[in-house]
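Visitor: Work out the full structure, taking the sequences as your base and the hints as a guide.
Number of protein chains: 2
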Amino acid sequence: MVQAKTWILTKHFDGFPKDSNFELKVEELPEPKDGEVLLEAVFLSVDPYMRVFSRFSMNEGNMMIGTQVARVIQSKNPAFPVGSHVVARSGWRTHTVCDGTGLTPIMADWPQGVSLSLALGTIGMPGLTALYGIEEVLGLQKGETLLVNAAAGAVGSVVGQIAKLKGCKVVGSAGSDAKVAFLKKLGFDEAFNYKTVGSLEEALKKASPDGYDCFFENVGGSFSDVALQQMKNFGRIAVCGSISGYNDTTPQTGPYPHLTMIVKQLKMEGFMQTRWEHKHPESLKRLMGWLKEGKLQSREHVTKGFENMPAAFMGLLRGENIGKAIVAV
Amino acid sequence: MVQAKTWILTKHFDGFPKDSNFELKVEELPEPKDGEVLLEAVFLSVDPYMRVFSRFSMNEGNMMIGTQVARVIQSKNPAFPVGSHVVARSGWRTHTVCDGTGLTPIMADWPQGVSLSLALGTIGMPGLTALYGIEEVLGLQKGETLLVNAAAGAVGSVVGQIAKLKGCKVVGSAGSDAKVAFLKKLGFDEAFNYKTVGSLEEALKKASPDGYDCFFENVGGSFSDVALQQMKNFGRIAVCGSISGYNDTTPQTGPYPHLTMIVKQLKMEGFMQTRWEHKHPESLKRLMGWLKEGKLQSREHVTKGFENMPAAFMGLLRGENIGKAIVAV
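Just so you know, the protein sequences line up as chains A and B, in that order.
The first sequence: position 239 = 239 (UniProt numbering), numbered continuously.
The second sequence: position 293 = 293 (UniProt numbering), numbered continuously.
Among the clues, some could well be false.
When chains are identical, the list treats them as one kind, so a pair holds in a single copy or across two.
Dumping the calculated DSS-like pairs for lysine-lysine here, alpha-carbon to alpha-carbon at most 30 Å [as the list claims (entries may be wrong)]:
#	residue 1	residue 2
1	K264	K18
2	K76	K205
3	K285	K166
4	K166	K264
5	K33	K295
6	K195	K285
7	K185	K195
8	K264	K279
9	K264	K285
The set of hints was computed from the structure by calculation and includes no laboratory data.
Guide: As structure tokens, then:
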């Protein structure tokens, strides 16, 4: 009999998440039946979307939503042999019994030296989000200038690197000097710490005096007001996240963007990577290709221990991570 | 010697325009030289964009910007014979001496029974704005549901009619019962007076319980907040105007749209008809074709007398017009 540890959302978040929003529970799992497998979590993901979707898609008392890399430790399903690894949308739990539904085997030729945790980051949902945002939403062209905020995060850091691969000038904003140093190491042309620049407007102007063709938006709020004013005519904005507002108890307000959007003829589009799910296998191969060629660097902020998942999640929302925030069981 | 009356912006608008923002001046015009013509205004346009662009493109003491239909009354330019009519971006003035630059002859086969004033409305800039917003920005498809606000205005009334031509369901919002009656007459499927519905949210839900595929946005402000929530997934929004905010002394603020845009994967695009100037001749022919076939009705709110231009402009900003606001000299 296997015991699974799970993290429950006891109460919906009201403002910034607290320890008391979470409860660790243990449940006994049944033996896998025909067609089922028993999974053991190896790496779990914490991501900003969890803060948002907890409200839409969860009830109090539900297990926290999330994706993990898991090892198959028992199998009565020939598609998932013991010892193989899968990406599973199982939630915050150490062990899972399930039929194969919703399990994605790790890429067949996953290289030996590459941590499987990257299947939750650069070679997973955040990497796909970066790729689709650039190619499908922005249609970023060689020679253009791209702005990305929360640039040292799981998505932003890949956005900047892919934009460089495409021959663009990349400007990144992040919230600490260590993050700015990381961005420079990744090859960003310009990077600044928005918390210390004094004037965000001046920082954006200095980094690209001619303005920005494209803006990969992860932050929202007042950052977006200022960035909008620095867009070139016909600028495009991919709205991927708005982390500055996720923990607001009353929504932030700002000036309406309409007039600026009309005069500059700007385009803004909100998106989620699920829209292009049919392209995922091919896209993951492209990302892995760039990684193997050394064109895509990947950094992780690893928290050890399943019991520390709430802490890792809250740390992520406070911006403590550089690169992808991962929990290693 | 011809005397031209002109309307000067004596002081930039601060809040709602006042009589004291304008001054009527008279100037003596020289005789046209070789290559020049003398124009006499027949119809002048007042449009919401003038309120916006006065701040960007005019200095105090400049003549008000604007377009007119004028008759050539003297000509030393064979391209513009005496008695012919042109659309001229001459500003608020009764007479103009100019070389041909910026003059567009009225369509060669303009039908006898159609007032030339329509070259400032349905068969002019507002009609083109409606057409490009629908075809180039929204890509409106047969069977979709479109929302348009300020629907009884010069642009909105054409938007709704073209959307009907394309086999769409059209919902219009306007600010008086007379305007709502006009929209019904034009063939709008649903129309309501946003000032008397009590709850805009309920009115939008009632008019289209499944939500909206497309939204042609002329109003901005809190209308946009409510409308955004009624968009379907993958909804498209053409941002054409935001008249509710044009006279604000301090800009209105509202909740940021980011999260809604992400979750519903919405696209918003600001635009001006000038982007497709190369298509204007062909587009005007299409609009005229629909008009001649009786598929496009046109209504005008005509103010008589050049001296009443400021009053006509202020009336427009107060929403007094049904259809295109025109001044007949």
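Visitor: Against which earlier hints does the structure fall short, listed by number upward?
Guide: 2, 5 and 6
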